[in-house]
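Trainee: Chain by chain, the residues run as shown.
There are 2 protein chains.
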Amino acid sequence: MGKVKFSVTMSLDGYVAGPNPRFEEPLGDGGEGLHEWMFQTAGWKREHGGGEEGATGRDDEIVRESYENTGAYVMGRQMFGGGEGDWGDESWKGWWGDDPPYHVPVFVLTHHPREPVPMEGGTTFHFVTDGIESALEQARAAAGDGDVQIAGGADVIQQYLRAGVVDEFQVSVAPKFLGGGVRLFDGLGNDEIKLQVVRAVESPLATHVRYRVF
Amino acid sequence: MGKVKFSVTMSLDGYVAGPNPRFEEPLGDGGEGLHEWMFQTAGWKREHGGGEEGATGRDDEIVRESYENTGAYVMGRQMFGGGEGDWGDESWKGWWGDDPPYHVPVFVLTHHPREPVPMEGGTTFHFVTDGIESALEQARAAAGDGDVQIAGGADVIQQYLRAGVVDEFQVSVAPKFLGGGVRLFDGLGNDEIKLQVVRAVESPLATHVRYRVF
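Note that the protein sequences, when read in sequence, are chains P and V. Start counting the first sequence at 1; every next residue gets the next number (the working numbering). Start counting the second sequence at 1; every next residue gets the next number (the working numbering).
Simulated from the structure, these hints should not be mistaken for lab results. No experiment lies behind these values; they were computed from the predicted model shown. Where hints are given, some of them may not hold.
Chain P is faced by these chain V residues, among others (derived, beta-carbon under 8 angstroms) [what the hints assert, rightly or not]:
#  : residue
1  : L12
2  : D13
3  : G14
4  : P21
5  : Q159
6  : Y160
7  : G164
8  : F177
9  : G179
10 : I193
11 : L195
12 : R199
13 : A200
14 : E202
To list a few chain V residues with every Cβ distance to chain P over 12 angstroms, as calculated [unchecked claim]:
#  : residue
15 : K5
16 : D29
17 : E192
18 : S203
19 : Y211
Heads up, incomplete: computed chain V residues facing chain P, CB under 10 angstroms, no partners named [what the hints assert, rightly or not]:
#  : residue
20 : M1
21 : G2
22 : K3
23 : R64
24 : E65
25 : N69
26 : M119
27 : G122
28 : L161
29 : A163
30 : V165
31 : V166
32 : P175
33 : V197
34 : V201
35 : T207
Every residue, glycine too, gets a C-beta built ideally from N, C-alpha and C.
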């Protein structure tokens, strides 16, 4: 059985998204800027149709690693594609375009039942209405020997951390302050979750630290 | 003229002190545990009367660096020694013992005028009642060519960051969640403070990242 993991970028003041999230700017003011380290890499550009001209240094290795060995994803409904209002329209297939960067089954946590939505490139969105344990169980089954990646958002990551099922995670700290928005780690009680630093990788645009939960 | 800098340890969820700070536990629940990386080093033990048997690896280098070239400190009154109530008693000389680990002038921000308090080992506490600019000016004058270190707490660090006078700082991220307490970086507006990663040093007990403000 593979690992349960996540990989996420946060600001130095702990935010994964800035203030004022909205349809055109789902990561809020300054939120997209956190991911500069990623957007400039060859791995990201190849995945998102930008060719191979990107940077190939340490940040690129981190991006490539994050795709490796992932057999399924779990994500919250907002990460799939916005608020409850969008769900009346069955033609809405989320933020991620016709060929989402997942290429494996993606289990979306929601209260609204919906038929699976197959996309180009191997991604299929499955909608799970009976909770995080069920979503993880389905994702594990779909992943086989591969890992399950918790894609986000912050609330979903916190729920899985509290449930004690995360094996490993990576935080990429961008050298920026957002001053408000959504905190990655909020309300996680003292001493309930024990962590160990596995490694730190430094680049000018982010510090990537991997932790093991034990 | 030297630099204005600070060096501080925070939890992965961004706290420098845990919940329930009190006289016997000024860093709150779990707060002291953040500094494990420091307590085990030779540099810290030598400074705090524990001999030279401590660890001499990367964490130790970080501790030694933090003492180097510092000509004066600025700190808040709580970091000197607790709340307003303690200030009526002129015999109270703070948390730091007879021979505080500073060995240079320390400027304490307060609303209560008080004569300077000379301690053993070169530390003298000066009490500044006319604001952060005045404290920095006095500290710069005392430091000469040396650096001025903002010792904390978090609110004092935030005030100097907002004032735009900090040149460089180091954050040591301990692999722990505190779940509550005092956040190091709070209310620092998006895009007002530009940062650059200078270097990251990894150890099992902390990730030390140095930033330049530009």
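Trainee: With a cut-off of 10 angstroms on the beta carbons, see whether T207/V makes it to chain P.
Mentor: holds, 5 angstroms
Trainee: Does the closest beta carbon of chain P sit nearer than 8 angstroms to the beta carbon of D13/V?
Mentor: Since the shortest Cβ distance to chain P is 4 angstroms, the answer is holds.
Trainee: Hey, does the G2/V contact hint survive, CB to chain P under 10 angstroms?
Mentor: violated, 23 angstroms
Trainee: Taking 8 angstroms as the limit, does the beta-carbon of G164/V come near enough to a beta-carbon in chain P?
Mentor: The hint is violated - G164/V has no Cβ within 8 angstroms of chain P, the shortest such distance being about 13 angstroms.
Trainee: Can we keep the V201/V interface hint, with Cβ of chain P closer than 10 angstroms?
Mentor: holds, 8 angstroms
Trainee: Does the claim that D29/V lies off the interface hold, with its Cβ farther than 12 angstroms from every Cβ of chain P?
Mentor: Answer for D29/V: violated, closest chain P Cβ roughly 6 angstroms.
Trainee: Minimum Cβ distance from Y160/V to chain P below 8 angstroms?
Mentor: violated, 14 angstroms
Trainee: Using 8 angstroms as the Cβ threshold, decide whether R199/V counts as touching chain P.
Mentor: holds, 7 angstroms
Trainee: Does the nearest C-beta of chain P fall within a distance shorter than 8 angstroms of the C-beta of E202/V?
Mentor: holds, 4 angstroms
Trainee: Min Cβ distance, Q159/V to chain P: is it shorter than 8 angstroms?
Mentor: violated, 14 angstroms
Trainee: Against chain P, with CB atoms and a cut of 10 angstroms, does the hint on P175/V hold up?
Mentor: It holds, given that the least Cβ distance between P175/V and chain P is near 4 angstroms, below 10 angstroms.
Trainee: Can we keep the G14/V interface hint, with Cβ of chain P closer than 8 angstroms?
Mentor: Check passed: Cβ of G14/V comes within 4 angstroms of chain P, closer than 8 angstroms.
Violated hints, in rising order: 4, 5, 6, 7, 16, 17, 18, 19, 20, 21, 22, 23, 24, 25, 26, 27, 29, 30, 31; the structure is consistent with all others.
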